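Make a model of the complete structure from these sequences and hints.
Note that the protein sequences, when read in sequence, are chains A and B. The numbers in the numbering used here rise by one with no breaks, and the one at position 24 of the first sequence is 24. The numbers in the numbering used here rise by one with no breaks, and the one at position 119 of the second sequence is 119.
The hints are simulated quantities; they were obtained by calculation from the structure and are not laboratory data. Any given hint might turn out to be false.
To be verified - Cβ-to-Cβ under 7 Å is the rule here; a few derived chain B residues that face chain A: (1) T18; (2) A20; (3) T36; (4) T40; (5) V42; (6) L75; (7) E76; (8) Q77; (9) Y79; (10) L85.
Owing to the predicted nature of the structure, the values given are computational and were not obtained by experimental measurement. Ideal placement from N, C-alpha and C gives every residue a C-beta, glycine not left out.
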Amino acid sequence: MSELASESVSTVRGLAAGSRLPERTFGPVTMTDIVRYQGASGDMNPIHHDDEFARAAGFPAAISVGMLGAGWLAAYCTEHLGEQTVRRFRTRFSSVVFRGDRLTASAEVTRRFEHGAETRVELDIRLRKDDGTVVVSGSAEFAVR
Amino acid sequence: MALMPIERGKIREYATATAAARPAYTDDPKAPVPPTFLATVVFWTPIGETLRSPAVLRACAAAGVPADLGSLLSLEQEYVYHGPLPHAGETLRTAERLRDVTVKRTRDDRAMIVVRFTVEFRDERGDLRAECNYTSAYVQRERR
Chain A
1 MSELASESVS TVRGLAAGSR LPERTFGPVT MTDIVRYQGA SGDMNPIHHD
51 DEFARAAGFP AAISVGMLGA GWLAAYCTEH LGEQTVRRFR TRFSSVVFRG
101 DRLTASAEVT RRFEHGAETR VELDIRLRKD DGTVVVSGSA EFAVR
Chain B
1 MALMPIERGK IREYATATAA ARPAYTDDPK APVPPTFLAT VVFWTPIGET
51 LRSPAVLRAC AAAGVPADLG SLLSLEQEYV YHGPLPHAGE TLRTAERLRD
101 VTVKRTRDDR AMIVVRFTVE FRDERGDLRA ECNYTSAYVQ RERR
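Pasting the structure below:
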């Protein structure tokens, strides 16, 4: 696993604007995924695990945690760019996710630039459902040298 | 304002919960924080106190939007890191500040109170190491 990770990191050092990372799929989302993230993150909002509570708030069922999608995107980026190199990580939640949804992470390099002594890449990051609906989008910066 | 120890076991747990259980996170006593890990600050201090500030409650009351959990949505979070990434074994000091409050309409014409606030994380020397910029909203429930 660590060998694979270091190989990915060295591959990415050559990334230029327009390059894409290989996609990765998460889910289908289960209640277990949701409650494990809620326990780990400390966000115990019942709208994510209590269907009745979610219906009272106008949703057909409990909705997944936006930050779980962001966490999966973070896992995807660090797998390719390394665990020590994140400099900025922004995620916007554009659509709710329900149990059973399968999500695919993708990233495209938009810019390669110097920042002080570092070379960085900026990426457009995205998590989408099988029907193409984007659920999390954002941008991230990682140091590559 | 609170102190937040960055704990190795917590990083291991968080990495596992986000499908990132790799040795760099799970086996290193000085593991770096995953990009969104600082969300766990809520175990140390009730983040979002600014969501209950008078300016926000006034805006919600004026728009007829209940300022409660069932109406609250997280729209965006941005983590910005300065200097070396925070790692297990360090202790950070947090502080929260309200940035602004705006009233908007959703696409289906419901009132939405958008609140932006920042949580900063400083190390024991007082150096700024990370900031989290939150955008959250209280949204009027659908009429039925």
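Hints, one by one, checked against the model:
no. : hint : verdict
1   : T18  : 3 Å, holds
2   : A20  : 4 Å, holds
3   : T36  : 5 Å, holds
4   : T40  : 6 Å, holds
5   : V42  : 4 Å, holds
6   : L75  : 6 Å, holds
7   : E76  : 4 Å, holds
8   : Q77  : 6 Å, holds
9   : Y79  : 5 Å, holds
10  : L85  : 6 Å, holds
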